[in-house]
Structure formats: structure tokens, C-alpha cells
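Asks: Each chain, letter by letter, is given below.
Number of protein chains: 2
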Amino acid sequence: MLTLDEAQSIVLSNVSALPAEPAGLVDALGRVLTTPVTAQVPLPPFDNSAMDGYAVVAEDTRGATPGSPRLLQIIDDIAAGVVPERTVAPGTAAQIMTGAMMPPGADAVVIVEHTRPGAPGAVEVFVPVKPGDNVRPAGEDIERGQEALSPGQVMGPGELALAAALGYVTVDVVRRPRVAIVTTGSELVEPGRELRTGAIYNSNQTLLSCRVLAAGAAVGERLHVEDDERAVEDALARCAEADMILTTGGVSVGEYDFVKAALERLGEMKFWQVRIKPGKPVAFGTVNGRPLFGLPGNPVSAMVTFELLVAPALRKMSGRTQCLPPTVQATLASGVSHKPGRREYRQAVTRSEGRGYVTDPSPKRGSAMLTSTVGANSLVVIPEESEGLKSGEQGTVIYPANGM
Amino acid sequence: MLTLDEAQSIVLSNVSALPAEPAGLVDALGRVLTTPVTAQVPLPPFDNSAMDGYAVVAEDTRGATPGSPRLLQIIDDIAAGVVPERTVAPGTAAQIMTGAMMPPGADAVVIVEHTRPGAPGAVEVFVPVKPGDNVRPAGEDIERGQEALSPGQVMGPGELALAAALGYVTVDVVRRPRVAIVTTGSELVEPGRELRTGAIYNSNQTLLSCRVLAAGAAVGERLHVEDDERAVEDALARCAEADMILTTGGVSVGEYDFVKAALERLGEMKFWQVRIKPGKPVAFGTVNGRPLFGLPGNPVSAMVTFELLVAPALRKMSGRTQCLPPTVQATLASGVSHKPGRREYRQAVTRSEGRGYVTDPSPKRGSAMLTSTVGANSLVVIPEESEGLKSGEQGTVIYPANGM
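For the protein sequence lines, the chains are U and B, in the order given. Just so we're aligned, residue 1 is where the first sequence starts under the working numbering, counting upward by one. Just so we're aligned, residue 405 is where the second sequence starts under the working numbering, counting upward by one.
Hints in this document: simulated from the structure, not taken from any laboratory. Fair warning: there could be bad hints in the mix.
Unchecked claim - These stretches of chain U come out as covered by chain B in the derived footprint (C-beta under 8 Å, 3 or more residues):
| no. | region |
| --- | --- |
| 1 | 196-210 |
| 2 | 265-276 |
Stated by the list, open to error - List time: in silico DSBU-like cross-link candidates among lysine-lysine, alpha-carbon distance up to 30 Å:
| no. | chain 1 | residue 1 | chain 2 | residue 2 |
| --- | --- | --- | --- | --- |
| 3 | U | Lys277 | U | Lys339 |
| 4 | U | Lys277 | U | Lys390 |
| 5 | U | Lys390 | B | Lys681 |
| 6 | B | Lys681 | U | Lys130 |
Said to hold, decoys possible - Chain B regions said to be covered by chain U (calculated; three or more residues, Cβ under 8 Å):
| no. | region |
| --- | --- |
| 7 | 417-423 |
| 8 | 462-476 |
| 9 | 524-531 |
| 10 | 537-545 |
| 11 | 578-589 |
Note that the Cβ used here is the ideal one computed from N, Cα and C, for glycine as well.
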């Protein structure tokens, strides 16, 4: 049986970044840039005032004090967005607003708090300035022609604001993966319907739709099929437009495991078991070159295998370079027992405390125990041969704090 | 001038959680529950098999070994979702699928890997089981009538899957705040248009729209107005339906600061300066009981004041109880200088490394330096009276890793 590391490497070698597309700036949030954003204009585009105040010839203010202010004639009032036309000559000043263009002749700005009204039409400056004070020179942040954002950059609010500041309306980013979700199982009833004896409510459709959205991907087809070979194959055919197919159930060793059978017939099965707990019966393959994950039917197993195998694939398809689940070292707030054999992933509540992390694993180990996920934000890793982890010990925790 | 702590406390005492509404499960992702989710059915709803195998009378398997297996007659084949009708008597077994209902008479399941075909219509069991082995009893995870999810719970994929498993189609969650964004400034030109001399591109509209969405809130009106008293007031009037209004620009000490003037006339100004850097000129007040933040016009200042003041308000309005920005202690990867006076927040790239965090502050301090935000995911706090932080020193970092 494959180790998780082997399974992850098979998954990642069978998926690649999706094609790029131009996207409006807000629509590009969280996506990965593919074409550089270059400065078509310098930033700032022109010398401008960093503060509200008076544009002056710095030399004029030399030695100014509250007791011995310098009186300057006001020759202009420069609002942001206008082009100043009058030159500030020695002995004069122009009132200027934050962000407004520096007038010719002036080489510094005295902030309004360091001035007071002088004679009519004049201002008294009582703190001296040096040339360049409170002036933002053109190109200070970025010069024309420079590469502002490079391919591979994850576009957050700051990066997208920078693209806007450079005049961009769209940027080229990797397309969002569109994920089809097919739940299987004749025992599943949709929430809201009557629950007949022997049946349970379908929770995997909700689980996976939410987790896909939290990963920044889009949900495509949402289907449910009975345990029937033909129905499973038809459902997979209906997902032909998806970038990835997720199924739940039907991948174990039983006679009703039609997903496994369909994958073997329609596509190429890469693996169908991994030495982890929960989540051993997890299949991966490709159908028409597109990845298909056959996740276990138990919701906790589906959740764990999503974090360990599906999320890395979505990251790679989204153009990210760090694809494996992010881990931290944490102090266990409570112990967990373990039967040596498979590597175990236990739902846990992890928080940062001072300089490090503390993690509190759920005592509920069952792969159908959905209540173990309540409040959980992470998975404690219990090594294969371990007999458990003690309270106070250090452990590795998968902590995908920022969703993706 | 107010300290940040005072300003945050004024903000939080002037906003409250928005009303609840029923939401479909996927639409409730990331929102806060207001009405308990209780178990209308136990989970699991009935005794069922945890594995693919054979339902047996455990006593029948006592002492079974590969060399001395027990032969049991197969009386049934129980698929998931059906109600078994035949009773498993001693000497018999029913083939059973994971999740299928346990048949009357059986008290354990032998996994299929511990069996082999026997005589026609029979199975050989070569590993013994005890009563209850591989059986999930009804109510093991949660019993009927128990509270599964309590008000205040943030609804992630696991919590929503649990609600689905209990048959819920909708849950009651706090309404998403709808945020109107009004940028002001005659110097601003929308990206894509021609940039006239003295003008700059509007980046704040993009910045704030993205940051609001990343916080799980919705963007309402998106307006831009010139520096004109009447235009600003008209714009605020058009945002009457929003739960919160954000403006940028027009809140300083200059003569063009129409946002401050409008807030004073139309609503109630609570404060308009905070002792932080960047972001000193930030106003907060209420208009018709709704919060209005007058953020500075410089994009880096707008970003910092969003994290420090707006994000906490959005958390409280969204029903969260931990509202202040989350902080961690981190080792500085490089030093930063600081002029004693206002508390400074510097853009930084923070990552977890081993048991702790490392943070690398941007050397760019300017409040208009948008490139300082590229790749940044956090803000290093430089205390008021500090002369800077040295490389290798510990510092406090605002690290809102999970967006909200």
C-alpha cells in the first residue's frame, strides 16, 4: 500500500496549472498572476506633497522658530488633481493639499501645523524645512518600466491595488479550477427529505462544496447517484467539462464499489489505497486527462483525504508553488492513543499562543464521527509506529489556517 | 489624540451583530450560527457496519484461525440503504456493506479481509471478533435531542456537513455585512482611462472591495466623488441601505476635507485622529446609526486602518466574539528604524518556522508606497517610544492569516 508521500507525489505529477485568463481586478482576488504587471506610469507619477501645508523654497525657512517666524506671500492654492501654473519664488508659498502636484520653484512643503496665518494673503512658517521635506518625488515607489508584480504572485488586496494604481483594469491570472462533486450511495437521502429506515442524510455534498469554495475554486456539477454501475458512469460523463471530479463512496473492497470500477473502465486508475487513517480507501486516477478523486464515503475520511490529497492538487492547478499541506510544530494540550500501523490524522483545534502553537486533538477517532470536526481547524499527525502522543509533547499539525 | 486601543474600543461599542437570517448550508459558509442545531435524528441513526464484511454472531467466531476457520452459511447480502429482513442465527452470516444496517441477531462484523470463500453459499472466518467489533451503534456520535452546534459557532465545512447529516437544509446565521465604498478626491482617475497630468489612478476602490470580500462581507455601492461638499453628501445619501460606509480621503486638516465635514453635519463624529502611523487621519462616526469609517486617502494608510479598525467592526457585525486583530510574537528577520512618537505598523511577510514565527518587515515606510504591500501578509507593531526593532529581536505582529 502506498505511503501518503508517494500518493501525494503521484497526484502532483498528474495535475498541472490551468490556463490563464484576463480577469477584472476584484475577480482576480486570491488567484495567481501569469503575466508581469509593469509600471506604465511611475509611482507616484509626479512630485507631490505628502502633507497638507505650504509648498516653499526650503532656503526661505532657514532658522524659523515660533518666536522668529518667516512671513511668506501666498501666491496659489493647489488642490489635488490640478496642474499648478504659478512659480513659487523666494519669499512666496503656495498652499498645497496632500497628493497635489508640487508647483515649479518649490522644493519642500511645510506642514500646516507648522504655520499660522500671517498678514492678509501671507503665512507665517515657524519650523524650518530642508529641500525634499514632505515631498514625494516621482517614481519614489516604482519607476516607469519596472516590473511591479511578477508571475507566480498571489494577488491579494495590496497587489491588486498596486495593479490599479498602475492603471490596469484586468490582470492575467490562472483560471479557477471548476470541481464537479458526485456523491454515491443508495443509503443517502438529501437533507430536508424524510429519512427512511436504513438511510442517512447526505452530508458529503455540503462538506465538499464548502471545502472547494474555501479553497478558492468553483463548484461545478453537483450530482448524487445510487450504487449502480451505469448510473455512476453516466454521472461521470456529465462532468466532462469539469477540471476535477470528486466522488464519495464506492472505492472500498466491497462488491458495490462502482466508482473504482468506473474509473478502471473509463480512465486510468493511479492508486486506490493509501496507508493513512482515516482515509485508507481513497482512489485517484484520470479520466480524459482530468483528475478524479474517489474519496471515502465516511465524511471525516472524505475531509481528511481532501486536505491531504485534493487540496494540494487544487493548489497546483491554481498556479501555486507551495502545494503540500502547511504544517507547524505544536504542543499537545491533551494526549491521544494510537494503534501502530497506519499514519493517523486526528481533527484538532490549534491556536497560536505566545511564540508557538498549542493543539488540542479531538478524542473522537471514528471516521463517521462528524462531531469531531466541530471547531476543528487542523489535523494532528500521529506517526505510523507511535503508540500515541502525550499531553505536553510536541507534534506535527497540518494547519491550513488560510483556507487554501 | 486617541490611542489605538481607545479608538478600537469606541468602534466596537458603536457596532453590534447584524440580525440573523436563514441561509442554505453552502451560503452559510464562514458565518456565525444564531440558533442551535439539534439532533432531530441520532447519528448514526441505526446500528450499522463500519466495514465491508460479514455480520455474524461473535460467539461463532471464537478461536477461529487461518488453520482452523469457522464455516458460516451466508443467508443475506445487505447493501447500504436497505432494511435487512433475515435474522442472523448462530452458524450463519450476512454479507454486509460499510454503512449498511446491522441485521437482527448479529452483534459484530468480520471484515472481508479476515474471510475467504467457503463451500458454495458459505464463508470461512479465520479471525475472531468480539461483540460490537466493527459495528457503529446508533447515537454513537450524537444522540437524538442533543445540541450539536451552539449559537456563536463559526460554520466551516465540517460544521455544515454535520448540519446536513442531521437533515438541516438551512441554518440561522448572522447576515453578511454589506459595505458601501466611497472614494473621494479630484485627483483620482479610474484605471483604464487616460491619466492627465497631476492625476493618479484610483487604487483604493480595488483595495477596499477586495479586503471587504476577503473578510467575508459583501460589497454594496461603489462610488467615486470629486472633492466637493455636495457631491460627498449626495454619495453618502446613496449608501443609506449599507450596513457600513467606508470612505477614503477628505479626513485630514485641509480645506478640502469634505468627508469630515459631511460626517459632522449628517451624523455623529466619534473621532477623527488616532495616534498611529500610518493612518493618523482616520475618522469614525455614525450616520443614521450605521458606522462610517473615513479612511485616509493614501492606500497603505487605508489598508492599515482597515486592519486595525474596520476589520474588528466587521467581525463584531458578523457575530464573532474575537474581534481585535489576532497577533503573534515573531522573530524579526531584519531590523526597522522608528522615530519615537506614534505607534507604527509596518507591512511585513510573516511565516511560521518550526515552533514559532519569523517576520520580515518591509523597508518601505511611506504611506503611499503600495509596493510595500507586495507579498505582505501581516503588520509588525513598532511601539510608540521605540527607536526601532533589531534583527533577531522579538516583536508583535498582526497576522490575520485567515482573512477574517
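Asks: Work down the list of hints and note, for each, if the structure agrees.
Replies: Here is what the structure says about each hint:
1. 196-210: holds (count 14)
2. 265-276: violated (count 0)
3. U:Lys277 <-> U:Lys339: holds (10 Å)
4. U:Lys277 <-> U:Lys390: Distance of about 19 Å is within 30 Å: holds.
5. U:Lys390 <-> B:Lys681: The given pair, whose Cα atoms are some 45 Å apart, is violated under the 30 Å limit.
6. B:Lys681 <-> U:Lys130: holds (22 Å)
7. 417-423: Per the Cβ count (0), the hint is violated.
8. 462-476: Our answer is that it is violated, as 0 residues pass the Cβ test (under 8 Å) against chain U, missing three.
9. 524-531: As far as the region 524-531 of chain B goes, the hint is violated, because 0 residues have Cβ atoms under 8 Å from chain U.
10. 537-545: Result for this restraint: holds, n = 3.
11. 578-589: violated (count 1)
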